[in-house]
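S.K.: Now for the letters of each chain:
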Amino acid sequence: MTSNINKVKYTKDLKKGLHDGIPIALGYISVSFTFGLMGTSSGMLWWQTLLISMTNLTSAGQFAGLEIMVTAGSLIEMALTQLIINIRYALMSISLSQKTDTTFNLPTRLAIGFGVTDEIFAVAVSRNKTVSRYYMAGLLIMPYLGWALGTAAGAVLGAVIPDYISNALGIAIYGMFMAIIIPQARDNSKYLIIIIIAAILSCCFKWIAVLQNVSSGFVIIICAVLASVIGAVLYPVEDEVED
Amino acid sequence: MTIEKYFIYLAVMAGVTYLIRALPLAICRSKVKNKFVKSFLAYIPYAVLSAMTFPAVIYSTGRLVSGIVGTVVGIFLSYKRKSLLTVAVAACVAAFIAGLL
Chain A
1 MTSNINKVKY
11 TKDLKKGLHD
21 GIPIALGYIS
31 VSFTFGLMGT
41 SSGMLWWQTL
51 LISMTNLTSA
61 GQFAGLEIMV
71 TAGSLIEMAL
81 TQLIINIRYA
91 LMSISLSQKT
101 DTTFNLPTRL
111 AIGFGVTDEI
121 FAVAVSRNKT
131 VSRYYMAGLL
141 IMPYLGWALG
151 TAAGAVLGAV
161 IPDYISNALG
171 IAIYGMFMAI
181 IIPQARDNSK
191 YLIIIIIAAI
201 LSCCFKWIAV
211 LQNVSSGFVI
221 IICAVLASVI
231 GAVLYPVEDE
241 VED
Chain B
244 MTIEKYFIYL
254 AVMAGVTYLI
264 RALPLAICRS
274 KVKNKFVKSF
284 LAYIPYAVLS
294 AMTFPAVIYS
304 TGRLVSGIVG
314 TVVGIFLSYK
324 RKSLLTVAVA
334 ACVAAFIAGL
344 L
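Going down the list, the protein sequences come from chains A and B.
For reference, each letter of the first sequence is one residue, going 1 to 243 in our numbering.
For reference, each letter of the second sequence is one residue, going 244 to 344 in our numbering.
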């Protein structure tokens with residue numbers, strides 16, 4: 001009896017996850033299309049660019065990694081760059097681990113871990129309850145397919161897309177980021193303040209001469225950690241409601 | 244770049260990225276009780292995305308004018324709670340139109 005109830009709940013979770021993943025997937029298509037374009041214009045074969053997307057599933061990390069490949073950077077540089085740019089995912093994974101329910105055993109954690117992206121994480125934790133592995137699996141599928149398909153399309157069509165179109169597509173990923181953080185800032189002034197602090201710090205690194213030599217991966221870490229520490233000290237969050 | 248070299252790069256890139264994400268999820272099994280840590284973890288993703296977005300978004304289209312127009316449109320539609328897709332596409336379209344002017 002209990003297992004039947006669970007089965008119904010888990011099927012519902014999977015469907016809910018698939019549904020919630022669709023807007024992320026569509027957003028990813030536009031961003032990964034840009035990545036595919038860049039791969040081809042850097043001289044990569046279409047399947048090489050596609051394989052990067054299918055094995056990495058990151059945005060900023062892939063763009064930086066592609067650059068290192070085509071400029072023949074060292075493997076140490078590749079490893080360090082990925083570490084620095086993607087270390088935020090470690091923080092997100094820790095944060096996500098606080099929301100998982102009892103269905104998250106070790107193999108599940110090792111599998112789901114592959115798919116922790118900014119948007120998937122944000123959607124998962126913005127649910128006001130714990131998440132099951134069925135929900136997470138559903139949530140990963142569409143964005144993964146979107147990321148791969150967009151990359152393939154961009155890599156193949158890269159040669160025929162004019163610059164003024166591909167330039168405009170460069171803003172897509174930031175549109176997605178804004179759609180995640182701004183509604184949260186509107187609902188909760190604590191988050192608004194943390195978001196503003198992080199943005200101001202980031203602007204300092206961009207515009208103040210002595211700070212401009214800090215690499216982009218480090219800038220993100222410094223700004224985010226500082227803003228979050230300030231937030232945690234000044235505005236500790238109340239306990240969340242869980243079901 | 245040889246095919247061998249490509250696959251070595253790919254393995255390093257994907258391997259580091261995977262471990263960063265999967266290990267914390269595999270290792271952290273208990274709920275965090277500490278209020279400071281809980282608050283920090285609640286804020287970090289939004290702080291990361293904010294730091295990545297600003298000010299990079301205004302430079303993302305290669306031209307400042309189209310970047311700023313796209314940013315304003317993106318902020319407005321996000322504030323109106325439009326979906327990820329709507330905001331991303333509208334920002335691209337706005338940037339594209341501004342780029343033509």
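Treat the hints loosely; a few may be bogus.
[Stated by the list, open to error] Computed cross-link-like contacts, DSBU-like style, restricted to lysine-lysine with a CA-CA straight-line distance of at most 35 Å:
1) A:Lys15 - B:Lys248
2) B:Lys323 - A:Lys9
3) A:Lys16 - B:Lys248
4) A:Lys190 - B:Lys248
5) A:Lys12 - A:Lys190
6) A:Lys129 - B:Lys248
7) A:Lys16 - A:Lys99
8) B:Lys248 - A:Lys7
[Said to hold, decoys possible] Covered stretches of chain A, going by a simulated chain B footprint (3 or more residues, C-beta under 8 Å):
9) 9 to 21
10) 88 to 99
11) 124 to 138
12) 143 to 150
It should be emphasised that the hints constitute simulated quantities derived from the structure, not laboratory data.
Heads up, the beta-carbon is just placed ideally off N, CA and C, and yes, glycines get one too.
S.K.: If a hint holds in the structure, say so; if it doesn't, say that too.
M.R.: Here's how the hints hold up against the structure:
| no. | hint | result |
| --- | --- | --- |
| 1 | A:Lys15 - B:Lys248 | violated (41 Å) |
| 2 | B:Lys323 - A:Lys9 | holds (32 Å) |
| 3 | A:Lys16 - B:Lys248 | violated (41 Å) |
| 4 | A:Lys190 - B:Lys248 | violated (47 Å) |
| 5 | A:Lys12 - A:Lys190 | holds (33 Å) |
| 6 | A:Lys129 - B:Lys248 | violated (45 Å) |
| 7 | A:Lys16 - A:Lys99 | holds (16 Å) |
| 8 | B:Lys248 - A:Lys7 | violated (47 Å) |
| 9 | 9 to 21 | violated (count 0) |
| 10 | 88 to 99 | holds (count 11) |
| 11 | 124 to 138 | violated (count 1) |
| 12 | 143 to 150 | violated (count 0) |
The earlier numbered hints that this structure contradicts are 1, 3, 4, 6, 8, 9, 11 and 12.
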